[in-house]
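Going by our numbering, the residue at position 678 of the sequence shown is 679; the numbering climbs one at a time, nothing skipped.
FYI, nobody ran anything at the bench for these hints, they're computed from the structure. Each hint should be verified, as a subset may be incorrect.
Here are the computed lysine-lysine pairs in the DSBU-like style, where the Cα-Cα straight-line distance is at most 30 angstroms [what the hints assert, rightly or not]:
id : residue 1 : residue 2
1  : K857      : K880
2  : K857      : K876
3  : K857      : K170
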Amino acid sequence: MLYGRSAEIGALDEVIARARDGSGGAVVLRGEAGAGKTALLDAATARFGSMRVLRTTGVELESDLAFAALHQVLRPVTGSLDALPEPQCDAVRAALGLAAGGDGDRYLLGAGVLSLLAEASAPDGLICVVDDFQWVDPASADALLFAARRLGTERIAMLFAVRGDAPVKGVPLTVDVPGLPGAAAVEMLESRHGVPPGVAQEIVTLTRANPLALGEIAARLTPAQLAGREPLPDPLPGGARLFGEQVAALSAAARLLALVAAVAADLGLVLRATDQLSADRTVRTGEHIRARAGAGRMALAELEESGLAGLSGTRVHFRHPLVRSAVHEAATPADVRRVHAVLAELTEGDSRAWHLAGAAMGQDERVAAELVAAAERARDRGGYGAAATALARAAELTPGPRARAARLKDAAVAAWLGGRPGQAESLLAEARDQAGGDADLAMRIAQLRGRFELNSGNAAEAVRILAAGDSLDMLADAAEAASYVGDTAALVELGRRAAAHPEGFLRDTVAGIGLVLDGDGAGPGLLRRALARAGELRHASEYLWATAAASWLGESDVATEMVDRAGRVARVSGMTGQLPVVLEFVATAERIAGRLVNSRAVSEEGLELAREAGYRNTVAAHLANLAVLAALRGDEEDCARQAREALAIAVPHRVGLRAGVAAYASAMLDLCLGRHAAAHDRFTAIAAAGPGAGHPTVVWRMAPDRVEAAVGAGDDAATRAALEAYERWSAHAATPESHALLARCRGLAESSEAASEEAFGEALRLHTNPFEAARTALLLGERLRRAQRPGEARAPLRMAWETFERAGARPWARRAQGELRAAGESGQAPPSAVLDALTPQELRIAGLVADGLSSKQIAARLFLSPRTVEYHLYKIYPKLGIGSRTELARLVVLQKAPVAEADML
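Assemble the whole structure, with the sequences as input and the hints as a guide.
What follows is the structure, encoded as structure tokens:
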């Protein structure tokens, strides 16, 4: 029976009941040691008897062993691994040691854990309990939290119990577990221990009603103290001291076994180590500590009889973690080192490495090398947090300063890839201090420092750091940073320096961008030569450089194609750490292509991954893109909020590209809502913003919008200036879409009705982007209607209205509808596209079904469980009035079909 915990029980019941009904969720129980968190977890799982329970408990001695906790929680359900998508299955098998290798992708691993838990939840739901989360190894914690943040439609409840203020990243629901209410605590003492109310009240006051302290202290009071005739002990024992006297009362042999169990929980290992240590001590000191065979079993029996520990399967389990603390406090450092030394002889792999480290006295290269090997194994399995810990400890044990600095650098990389940027930066700073006069190592450390700064810090500082290097890789990184800042002068100089390197894709791209910005006619040729190598590219980072080359040529449609390739490669290549960044560009490309729903889904995914990884500048990128999408939907509140949040990161971090996009969102909102003067003012301010606050790419891409706003505001001079600037930008563009946008701008700027109509008509013939074609059609229709030619205006206005409705661009749809009515058409709502009823996530799944992917393949691509994919398909079919994947694929293909030229006019 639990006393005084009805509120906490109710909170847990609600989470579990919702999960049982198909709305998964996670909750954190937070309280001090002895607060009763484990008792609450036990009670919660017992009340939902039909639901499956998987459980793991963090153990301090295993907190450095990669995936120790994950192995414990998933071991009962490994038989379901074959139901997972192959990449997820391989990642989980590698993490659990069931298969060799692994590509080290922590996103795939997290998705695999989610999928396996989802399989285990059939048929009645699942409760996954993680107790003592503060001691769960980082690799397991990352994978479990990845799953916890994505439970959504799964029938899974995840319950985390944590001591103190240890973070549980991304689980917003927390239930605090304080001491018991006073009356409940007094009732418990009276009921369980026969403590009179007066004495009970005094105990409650002195222990702050901590349930463990209440029970332990009450059990030790003398009859006189219980009766109130003698004072209570002063001070009352607390923390590990609660069990100090009981540990001290054990025989030497039992204390030795308890110490071994406090360092290694496996029963067989504990017994063997205890026997060996007992024999060693007898030989060394002449003491007789049951040195004969079986000494460990006799000591174990005594420990069990004391009530301090017992057996749980094949593990020695202490009654409470504070018992382990008391055992450690009772031992000398030399005793602990001897235990680790013997355990190192009896174990292998990661356990051996950590026991050697525990036994080490001072620096030892042999032990450091063992820890490096353990880190490599963890890294290959996606355990970057564990790898960082092992490498940092290896560095401490490394004698030479250069090797120590190199290991600290590697530890920093692992921490960064594990989503721990603060730890990464601290390790890198330490590596920098240790590097000494090794110029090559110092430069590699500087390159990492610059990359870290670019992802989460000041982009202008990243330029300064990276520009100090001369290698092509460092110059390219510096150019990337400068492109984020919008620092044209730096890009020109970096391009000049890159040109000194041998010809190649990366050299041509960096040098070509610099030449284009410097007005050198050789620049476009270099960029075209780089793009000609697109068929040779293999990595997502290379495709992003190809995107940059196309962008600086003014060919947004080619840039979109390159970004699409980068996104596809990133999702299947184990690109740990890079995916959130790649998704910045994928989301932007989807928006520019007019696929607004897809863009929103990608940005929402990228935002979540960026926040998990700690990539603040990428967070700003996704927020800025979402702000633009909100503007196109006419959602003023979301647009203002997301733009404000993006600017709060981008401006102080000097990320001009993202600051410019966030400002562009506000300008587009004004333009969409017909506030031309306000939009014109905003576009003018963006164009004038310097590096860190604005960006030349934003200025170029917004030029058609800026021309439209200037025309609407009646500013002829600004219209001409914007058009001339756009003509210069587009001078080397060769794709039909780039020519179409330029033709539209000329049509807007033309005062002659005939010339304007001709320019709009040319644009409509050239457009390959249906959304941009609709914008042109709207402008043409408006001109025709105002020229008293309503019959000719209706076709382009109708096409524009239908396109905007499908895209969800409500302000433009309303504008087109109003113009169509004014042109004499009734303006009845066009038949909605069949896919309009789908959510962004459902639309992405439908698109992948149309591409021929199975549910398992879709799950692998989107980091979902196959059951979640099937759930979405179950929701999609009735929405669309269909019953099969074949019918769904046909609908998607029909909607993706290009707009016929006749329908654009």
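Status of the hints after comparison with the structure:
1. K857 to K880: holds (22 angstroms)
2. K857 to K876: Distance ~17 angstroms between K857 and K876 Cα, so the pair holds.
3. K857 to K170: Holds - the C-alpha atoms of K170 and K857 are around 28 angstroms apart, at most 30 angstroms.
Violated hints for the displayed structure: none, as all numbered hints are satisfied.
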